[in-house]
Amino acid sequence: MEVKTFQGGAHIPHYKSYTEDKPITRLSPPKEVIVPLLQHMGSPCEPLVKEGDKVEIGQKIGDSEEMFSAPVHASISGTVKEVGKRTVPTGGEDDCIVIEADDGPQEFEMKQIRDPENIDLEEYRKCVREGGLTGMGGAALPTHVQVKFNEKVDTLLLNGAECEPFLTCDHRIMLEKAEQLVKGADLMMRSIGAKRTLFGIEVNKPDAIEAVNELIKDRDDMEVVSLAVKYPQGFKSHLIKAATGRDVPRGARSAELGCIVRNVGTTVASYEACVYGKPLIERVITVSGPKVANPGNYIVRIGTPVGHILAECGVEDLENHKVVLGGPMTGLAQPHLDVPIVKSTTGVIVLPPEMTREWMEYTDCVRCDKCVEHCPMMLYPNQISVYAEAKMYDAAEEWDLMDCIECGICSYVCPAARPIVHWVQRAKPEIQKRQRSRK
Amino acid sequence: MVSDTQKLIISPSPHLKAKDTVSSAMRDVFIALIPVTAVAIYFYHAYAAFLIGVCLVTAVLTELLFKKLQKKKPALHDWSALLTGLFVALLFTATSPWWKAAIATFIAVGIAKELMGGLGWNRFNPALFGRVSLIILAPFFAYVDSWFAPLAPYLGAVDVTTQATPLAMLHAGMEMPPLGQLFLAFPGGALSEVSPFALLLGAAYLFYRKHITWHIPVSILAVVAVLTLIAGQNPLYHLFTGGMMIGAFFMATDWVSSPTSDKGKLIFGACIGILIVIFRLGLSPTEGVAFSILIMNAFVPFIDKAMKRPSFSEPKKQSQAS
Chain A
2 MEVKTFQGGA HIPHYKSYTE DKPITRLSPP KEVIVPLLQH MGSPCEPLVK
52 EGDKVEIGQK IGDSEEMFSA PVHASISGTV KEVGKRTVPT GGEDDCIVIE
102 ADDGPQEFEM KQIRDPENID LEEYRKCVRE GGLTGMGGAA LPTHVQVKFN
152 EKVDTLLLNG AECEPFLTCD HRIMLEKAEQ LVKGADLMMR SIGAKRTLFG
202 IEVNKPDAIE AVNELIKDRD DMEVVSLAVK YPQGFKSHLI KAATGRDVPR
252 GARSAELGCI VRNVGTTVAS YEACVYGKPL IERVITVSGP KVANPGNYIV
302 RIGTPVGHIL AECGVEDLEN HKVVLGGPMT GLAQPHLDVP IVKSTTGVIV
352 LPPEMTREWM EYTDCVRCDK CVEHCPMMLY PNQISVYAEA KMYDAAEEWD
402 LMDCIECGIC SYVCPAARPI VHWVQRAKPE IQKRQRSRK
Chain B
74 MVSDTQKLII SPSPHLKAKD TVSSAMRDVF IALIPVTAVA IYFYHAYAAF
124 LIGVCLVTAV LTELLFKKLQ KKKPALHDWS ALLTGLFVAL LFTATSPWWK
174 AAIATFIAVG IAKELMGGLG WNRFNPALFG RVSLIILAPF FAYVDSWFAP
224 LAPYLGAVDV TTQATPLAML HAGMEMPPLG QLFLAFPGGA LSEVSPFALL
274 LGAAYLFYRK HITWHIPVSI LAVVAVLTLI AGQNPLYHLF TGGMMIGAFF
324 MATDWVSSPT SDKGKLIFGA CIGILIVIFR LGLSPTEGVA FSILIMNAFV
374 PFIDKAMKRP SFSEPKKQSQ AS
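If you're matching them up, the sequences are chains A and B in order.
Just so we're aligned: 146 in the working numbering is position 145 of the first sequence, and the numbers increase by one with no gaps anywhere.
Just so we're aligned: 262 in the working numbering is position 189 of the second sequence, and the numbers increase by one with no gaps anywhere.
If you are wondering where the hints come from, they were derived from the structure by calculation, not from laboratory data.
Since the model is a prediction, treat every value here as computed from it, not as a measurement.
One thing to keep in mind: the hints can contain errors.
[As the list claims (entries may be wrong)] Cβ-to-Cβ under 10 Å is the rule here; a few derived chain A residues that face chain B: (1) 120; (2) 371; (3) 381.
Even for Gly, the Cβ is constructed at its ideal location relative to N, Cα and C.
Only chain A is shown next, with the shape it has when bound in the complex:
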């Protein structure tokens, strides 16, 4: 079997054994959900409901007329308790719709409304838009923007790499929903007008590779690309490079790359939105960590507070623990447990004190070059970190700081424990300001 990959990167302990064999199950609905009006990259939604309104599960409660936006839906039936500011996973407060559940049934009825074998593509695109689909792997771009017909795109690349430690939700989706995945990919490929679909899957998920291969064995326009187990294999640029061999220059659009990358979860959800009319009101997340009593892959409703999930999974003591939304390499540590799950949340990872530290005491760069050796972007994190720490942003820009994808490998391998990604994140807006003023 040919295994493809990219240059650089690192092997990070993947801690997937906690949940990789756990079938997807459903968590009980929470008493209230907090649905942020901005869960994607682009313009926020305007609320369509107000305090006191009754809402049904699946009802659209926020939308926008802007192109780069995706509507949001009620993930439980109940009463709108509040439309206002709440803490969101990206940090800070933002507009949310809070819904209090009523006592009625809380399941979305999965009723086939379209024949999957015979779907009008224009209708499919409309369903993706109306279903509020966004990227569910991390970068939450509105999906409808990228299912339009594009004659320059020849390849649909499905991202099943799942390179972040702990996370196994995409793995389980590929395994348990392989059929919807392949059918969804077929729809998406035809909608875009691509000639072929590649499934990029890391080889530590042999059962998923087998499941997909079994379903596509008679198709010559679909292929599984086996990828080496290496972080950050699932980042868009590195997935494209590994799977298609194409370069990904800065600022390149999908059309120039001839390739569109989609997360496997998004692909399945798009299929369900079209065939069953089910909007994006729930998703599979991985709840994991060495101290989680019942780790697993759970279907949770968008807007479910983290505290509800952790209580359901038997997390008792959280003193000095870190609760991360997303994977442990790029996810965000949360200040409290009232933060909701959003469309792009891949997991809730609970790291005990011995695995993580508040703010590591760091020292000056000793130029060991480990970050340079592992940087998947071929940058010099050592130089960047020194300049960014000292706020010497012109020099940092010269060393290509703006190309950084913030994958976190440099900080992970740094023997001096330097918070390089943190400095890069601080520097980027400053450098953008300078770039704009130069123009």
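Add chain B to chain A, keeping to what the hints say.
Showing chain B alone in chain A's frame:
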């Protein structure tokens, strides 16, 4: 049940961290020097042990003093002061006056490291800087030595120190000891020169622990071997004598004062090799390795900038055809 009062930890991503630390790496270099230190003590008994002790103590005191002067927290736990002390000691002969070794250590830790901004900011290898400073200060010491001479301890007779060092024998065209013996263990010269084999053993450990790569040592040794061969000499004698081994494997590979990229490391090593041969064949052979490495240390920022690899996002040049 999860309560609201429990303290959650917040910090920037990534939330996982590899185990390696600066301290563990420095400690590994210290461990890698144990074999050659043991051979040196075997040959020179108390003289070697005493000199090493003086340098270690001086290194610690110097670090404490300079950190205090600069109002910084002492960082003895990072092992770098101790390591510099041991390195300086290994660059002296066993019967060198201890005050010289102490002053060299003081310069290495205090000036070459701490005053340059601390570990990470020293452009020159601190131990070599300290050692070479003493050579430059030699006229001054000719004057000072007489004051300190009564302070030299008598630690028993050591007969192996009176003979010429292998490097001096090589330079004078004298008949050389057998190569095998030179490689395994042969007294003469600085403490670190007693056994290329012991140094290689330590270097192998550093390779195994991934603290050094092959690029710098191999390029130095290859260039020296080829050039001395062209000059009509037996390259092995050059490789096994003087500071060649400790220089190539331990000094030139110093993280802080060597280039970043593999290509840069090869250029750095090759230039050091050329300089060493010029020193050995044309100029004074003693401390040729030390001077060569220090000279190239100064060029590291230029090498790094010139050898910068293109970013993954850098657009590839369009081919002429398209």
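Which numbered hints does this structure break? Violated: hint 1 alone.
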